[in-house]
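Student: Below, each chain spelled out in residue letters.
4 protein chains.
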Amino acid sequence: MRTFECDYTEGAHPKILSALTETNMEQMSGYGFDPYTARAAEKIKAACNAPDATVTFLVGGTQTNMIAIDLLLAPFEGVIAPKTGHINVHEAGAIEFTGHKVLALPEHDGVLDVDALEAYLRTFYADATHEHMVRPGLVYLTHPTEYGTLYTKAQMRRVRALCDAYGMKLYADGARLGYALGCPENDLSLSDLAALCDAFSIGGTKLGLLCGEAVVFTREAPKMLLSQIKRHGGLLAKGRVLGVQFDTMFTDGLYESIGKEAIRHAKRIRSILLEKGYPLAWESPTNQQFILLSDAEAERLRTHVGFDFWGRWDEGRWIVRFTSSWSTTDADVDELRNTLPERAALLQ
Amino acid sequence: MRTFECDYTEGAHPKILSALTETNMEQMSGYGFDPYTARAAEKIKAACNAPDATVTFLVGGTQTNMIAIDLLLAPFEGVIAPKTGHINVHEAGAIEFTGHKVLALPEHDGVLDVDALEAYLRTFYADATHEHMVRPGLVYLTHPTEYGTLYTKAQMRRVRALCDAYGMKLYADGARLGYALGCPENDLSLSDLAALCDAFSIGGTKLGLLCGEAVVFTREAPKMLLSQIKRHGGLLAKGRVLGVQFDTMFTDGLYESIGKEAIRHAKRIRSILLEKGYPLAWESPTNQQFILLSDAEAERLRTHVGFDFWGRWDEGRWIVRFTSSWSTTDADVDELRNTLPERAALLQ
Amino acid sequence: MRTFECDYTEGAHPKILSALTETNMEQMSGYGFDPYTARAAEKIKAACNAPDATVTFLVGGTQTNMIAIDLLLAPFEGVIAPKTGHINVHEAGAIEFTGHKVLALPEHDGVLDVDALEAYLRTFYADATHEHMVRPGLVYLTHPTEYGTLYTKAQMRRVRALCDAYGMKLYADGARLGYALGCPENDLSLSDLAALCDAFSIGGTKLGLLCGEAVVFTREAPKMLLSQIKRHGGLLAKGRVLGVQFDTMFTDGLYESIGKEAIRHAKRIRSILLEKGYPLAWESPTNQQFILLSDAEAERLRTHVGFDFWGRWDEGRWIVRFTSSWSTTDADVDELRNTLPERAALLQ
Amino acid sequence: MRTFECDYTEGAHPKILSALTETNMEQMSGYGFDPYTARAAEKIKAACNAPDATVTFLVGGTQTNMIAIDLLLAPFEGVIAPKTGHINVHEAGAIEFTGHKVLALPEHDGVLDVDALEAYLRTFYADATHEHMVRPGLVYLTHPTEYGTLYTKAQMRRVRALCDAYGMKLYADGARLGYALGCPENDLSLSDLAALCDAFSIGGTKLGLLCGEAVVFTREAPKMLLSQIKRHGGLLAKGRVLGVQFDTMFTDGLYESIGKEAIRHAKRIRSILLEKGYPLAWESPTNQQFILLSDAEAERLRTHVGFDFWGRWDEGRWIVRFTSSWSTTDADVDELRNTLPERAALLQ
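Chains as they are written, first to last, in this note's numbering: chain V, 317 to 664; chain X, 317 to 664; chain C, 317 to 664; chain F, 317 to 664.
Hints listed in this document are in silico derivations from the structure and should not be mistaken for laboratory results.
Incorrect hints may have been included.
Said to hold, decoys possible - Derived lysine-lysine pairs resembling DSS-like cross-links, with alpha carbons at most 25 angstroms apart:
| # | chain 1 | residue 1 | chain 2 | residue 2 |
| --- | --- | --- | --- | --- |
| 1 | F | 539 | V | 539 |
| 2 | V | 331 | C | 331 |
| 3 | C | 539 | X | 539 |
| 4 | C | 399 | F | 399 |
| 5 | X | 539 | X | 361 |
| 6 | V | 399 | X | 361 |
Please model the entire structure based on the sequences and the hints provided.
Tutor: Here you go:
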């Protein structure tokens with residue numbers, strides 16, 4: 317049976333793989349100087365309504381955050397992130413590897429507490445010793461968050477206003493952005509992100525690419541971009557691999573349809589979980605659904621279906637994650653409905 | 317009138333200055349290869365009851381923490397610190413500059429919450445994804461803390477036990493260590509620190525040197541120490557300047573007497589503050605005394621006496637600091653008693 | 317017409333692409349915890365006769381050098397490289413980004429001058445101030461070199477002996493290693509490299525993978541390998557993409573046959589160039605052939621055939637490169653023979 | 317007898333020590349916010365005829381180069397230096413520690429070969445792959461050089477012109493600058509340096525301070541200077557120690573007279589060496605004089621007088637250094653004349 321463990325358990329969406337196969341023997345220049353990469357960049361700029369943006373393509377998510385953030389910051393600046401943000405917890409110190417401090421602030425189910433951000437900034441600059449502290453140069457957000465939750469446009473605007481007021485930039489990590497865009501609850505379009513952020517990423521890996529993340533720099537184009545990417549070990553010799561994939565992804569609405577379909581499946585998964593008596597850990601409108609299980613329940617349930625032991629809720633309980641993705645089918649979800657036991661039956 | 321703003325407002329203790337003057341025209345090798353530096357190291361090892369320790373001398377406090385911590389950690393490890401720890405707040409990101417994450421944990425008046433430390437470590441290693449996180453390689457403490465408070469020997473032993481259990485090292489920042497040692501409330505001797513820590517610093521700058529901090533590596537001697545210090549920009553050409561000062565400091569009990577005298581003055585300052593109706597922000601047994609003042613009170617008080625606007629307590633109140641040091645005299649404290657208005661009279 | 321510009325102008329070898337396609341919808345764990353990655357590692361260890369080695373897979377060449385070298389060195393050590401070595405010239409400072417100095421030494425057509433290495437080491441340690449200099453901790457070599465030339469086993473043994481004598485490690489960058497192994501002139505097998513080096517890479521990108529380099533650590537396994545790779549931004553979420561490709565590459569002698577075939581084509585290209593009167597810049601036994609052309613000749617020739625303006629020989633002449641690869645066919649080389657003008661005719 | 321080993325074997329010039337003593341008990345703000353530091357900066361700006369410059373004070377020479385260069389460069393840029401430059405050889409990799417490559421170019425007796433610089437830059441930008449290489453962002457020079465030699469104003473102007481032409485900055489390391497300024501052969505004044513360089517240092521340690529180097533930023537003021545210095549571990553708590561010393565040094569011509577006197581002594585030392593038959597390794601107009609001795613001669617000579625085994629000339633010969641400084645007296649040089657044996661007598 318299919319596992320619902322995460323959204324990168326398969327290879328690539330069939331259309332992506334076909335495009336790689338069809339273009340395979342074309343000879344192209346390396347390092348992104350191929351026509352597919354150029355076309356992909358153009359399509360993304362059009363989708364973002366940002367004709368003056370600079371779009372570049374990188375291989376992985378941590379690499380993308382590391383490079384984008386290092387390029388956006390002055391060497392002596394730090395990056396504000398929600399305490400649960402990916403860069404603060406799950407990137408093995410890649411941001412600090414580039415010399416920057418992550419300034420962790422309170423959040424709620426993964427969403428940065430904007431009041432706390434405002435208070436932090438006011439206090440920081442009121443402190444006469446703030447030149448002895450790390451100057452916040454950037455706010456980092458994930459959309460959707462690590463908890464599957466979403467920022468509202470109103471929240472993002474408030475964050476942007478604070479960035480403007482305090483001389484900071486704004487960067488959104490969109491590793492799962494397609495699953496936000498596919499959500500009816502989401503009110504932040506690509507154009508909104510382009511208008512509000514100095515840069516944001518459009519994740520491909522979790523949306524059906526073999527690998528690949530696009531980064532959109534909407535305001536100032538980074539200097540010596542190729543050189544800087546190479547210096548961070550992020551330059552791909554066969555840049556076409558990213559170009560062809562993203563070109564396909566942004567053709568004929570593939571990116572949008574992948575997001576929408578996965579969300580449709582996620583909503584069904586949510587219903588099934590609730591119907592069978594499983595309590596949601598919190599409300600997530602996107603492709604990740606989180607429930608709470610006792611240790612014993614979790615152990616029993618894993619004999620029936622594949623999921624992710626996402627983290628600890630407390631000493632006796634797990635947060636367990638079910639994820640839909642580009643590869644999820646109606647048959648998969650039907651099978652889940654059939655095999656998932658009632659929660660009440662789990663411990664009998 | 318004397319200001320009680322901080323403990324580094326003057327130059328050097330007269331005995332230190334005399335020693336520099338007396339030895340001034342002696343020709344000596346550079347980079348710490350002079351007899352005074354060797355003698356200072358021997359005296360410190362004797363004072364610490366640590367004959368096998370490696371003692372080195374650096375110029376400043378942030379430099380000392382940056383170098384010691386970078387040398388104690390593997391490149392991919394992070395350092396645990398109380399949230400209010402100097403390296404987490406007031407070193408402008410020097411630790412991250414060397415590539416390490418500061419893992420901030422809860423504290424109480426500057427003292428690391430050891431229960432929180434234990435819970436953090438248990439949770440960290442219970443998390444299946446912990447290889448994606450920054451491995452804690454070291455615990456950083458200050459003694460006394462930034463709040464003037466002290467660790468008990470029992471607390472330090474518990475921290476050490478956790479370090480042993482989880483394969484971590486322990487480092488104590490002793491920028492004001494002499495003021496802890498001079499306290500009747502303190503039960504951690506130099507020998508205790510040497511026995512419990514992998515390394516700790518003995519601050520000279522705040523105890524009456526022009527500049528200078530000693531670092532005691534009690535267990536493994538760092539490889540290529542001179543080279544590593546130079547690589548961090550911390551090697552002093554005229555190493556004698558540090559050697560002569562520390563040699564003097566550890567001769568005839570000067571370091572101890574400086575600490576004791578300053579604490580005697582601090583206790584008097586505390587009494588005067590209480591007698592005149594000023595509320596302590598918290599209990600500090602060491603040379604820094606903290607009181608709470610409304611904004612208006614603080615503004616008025618500064619016309620009478622010099623102190624430090626240490627930080628904000630809340631929107632309307634300041635934490636204000638009075639500090640004694642090696643340079644404080646009985647006459648200074650008498651004058652404080654005479655000039656400090658009653659708090660009740662401040663706003664009349 | 318086909319360009320002979322470089323060995324990464326196409327996508328992937330058809331067998332590699334097939335394997336990716338066939339395994340595409342299998343669900344696997346991420347980050348290299350899939351069966352194909354495990355199998356690829358086993359096959360490489362077998363091919364290297366190094367059952368105790370640690371094999372890991374990375375995406376790109378600069379990334380591979382950056383990570384391998386940073387993991388092999390102590391933070392304060394530098395890496396010796398031939399002056400023309402890739403890490404010294406063409407990696408945009410990625411080694412320095414990780415804090416290490418590249419210590420450049422003389423070379424001949426890309427091959428490190430071992431006499432110069434020996435003299436450097438003797439002089440270094442004879443200098444009383446060597447602790448003020450960067451300690452050499454590693455020798456970096458490329459095999460084949462950037463000039464297409466090869467180390468002999470005797471040379472490599474001498475380098476190894478110097479590494480042993482001076483407490484250094486040895487790392488070979490094998491971005492094009494398969495093209496060395498396919499050469500009759502080469503006397504260094506995978507087993508030899510495993511026996512002589514502390515680590516070496518087996519490049520996939522230039523041998524017919526979409527992307528991917530294997531790193532073989534033959535002696536000490538790096539600590540916290542996954543974590544360190546992630547910290548450098550090098551961890552691939554869908555590790556399977558590398559695992560499946562390398563598993564295929566090391567099945568049924570694909571890696572060997574790709575190398576041999578490309579060398580067969582390179583020898584023919586060399587003959588054609590010589591027959592038509594083009595002077596070799598130097599002798600290269602591997603898949604890259606270098607000739608000298610005046611500026612005017614080069615401009616004219618490019619209207620006939622695709623090649624690489626590799627670099628300047630002197631003010632008036634270019635070094636021009638023709639490269640064979642896994643994708644070169646007999647028909648390609650036949651076409652080259654047919655379309656390449658006689659050099660004498662170029663400027664008429 | 318006095319050793320002529322180097323120019324930092326004693327403590328501080330008596331006037332410097334007096335100034336420290338006289339101001340010792342004045343209470344001042346820390347971190348350079350004291351009146352002496354402000355005054356020292358003003359005096360240096362006046363001496364440099366650079367009223368808009370930013371002057372800051374650091375503790376040591378390597379620290380000064382590390383911080384100034386890191387602040388002048390973009391993170392991805394490298395620094396050009398003569399192959400023998402201090403940052404390339406004797407700073408234990410401090411520049412690479414901050415992530416920058418040192419691009420070493422040919423020199424003659426320590427003076428950068430400006431023709432080689434020009435050729436390098438032309439070749440660099442003619443290379444189509446130069447974005448894969450480290451962009452040169454700064455030229456680093458020492459004046460006087462490590463060999464005691466001097467740049468001419470004409471040479472410096474040519475370097476400046478190349479910097480302008482290729483978008484680079486210019487930085488001069490003046491660790492021994494005072495000894496250049498005291499030379500009749502020198503034609504580069506402080507004003508010239510200020511006009512030609514983006515930044516330069518004025519070394520105090522070797523000119524008679526306990527420690528301390530001034531850095532003059534003549535064009536753009538670095539952002540967040542205090543914060544950046546602290547991040548590099550270079551901020552001194554008692555900034556007064558540097559301020560008082562430099563204020564004294566730039567009062568009543570002390571800096572100039574120290575330089576002139578030491579050069580007068582150096583010229584006498586040179587005459588004595590020549591008279592007694594010792595061959596100069598090369599001509600040095602400044603305070604360091606270099607002669608060549610066979611190993612046996614050097615061993616014998618050291619029983620008579622103190623000097624520095626500066627480096628190897630070849631297998632059988634040492635380069636030996638005699639240095640004058642602020643602390644050299646006529647009596648010292650007279651004694652040298654009396655005790656130095658004729659070279660011809662050395663091996664009898």
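Student: Hinted pair, alpha-carbon criterion (25 angstroms max): residue 539 of chain F, residue 539 of chain V. Please report holds or violated.
Tutor: Holds - the C-alpha atoms of residue 539 of chain V and residue 539 of chain F are around 19 angstroms apart, at most 25 angstroms.
Student: Residue 539 of chain C and residue 539 of chain X: Cα distance at most 25 angstroms?
Tutor: 19 angstroms, holds
Student: Take the C-alpha atoms of residue 399 of chain V and residue 361 of chain X, compute the straight-line distance between them, and say whether it is at most 25 angstroms.
Tutor: 42 angstroms, violated
Student: Measure nothing beyond the straight line between the CA atoms of residue 331 of chain V and residue 331 of chain C; if it is 25 angstroms or shorter, mark the hint as holding.
Tutor: Judged against 25 angstroms, a Cα distance of about 19 angstroms means the pair holds.
Student: For a C-alpha distance cap of 25 angstroms, please report whether residue 539 of chain X and residue 361 of chain X respect it.
Tutor: 19 angstroms, holds
Student: Are the Cα positions of residue 399 of chain C and residue 399 of chain F separated by 25 angstroms at most?
Tutor: With Cα atoms ~13 angstroms apart, residue 399 of chain C and residue 399 of chain F stay inside 25 angstroms; holds.
Hint check: a violation occurs at hint 6 only; the rest are consistent with the structure.
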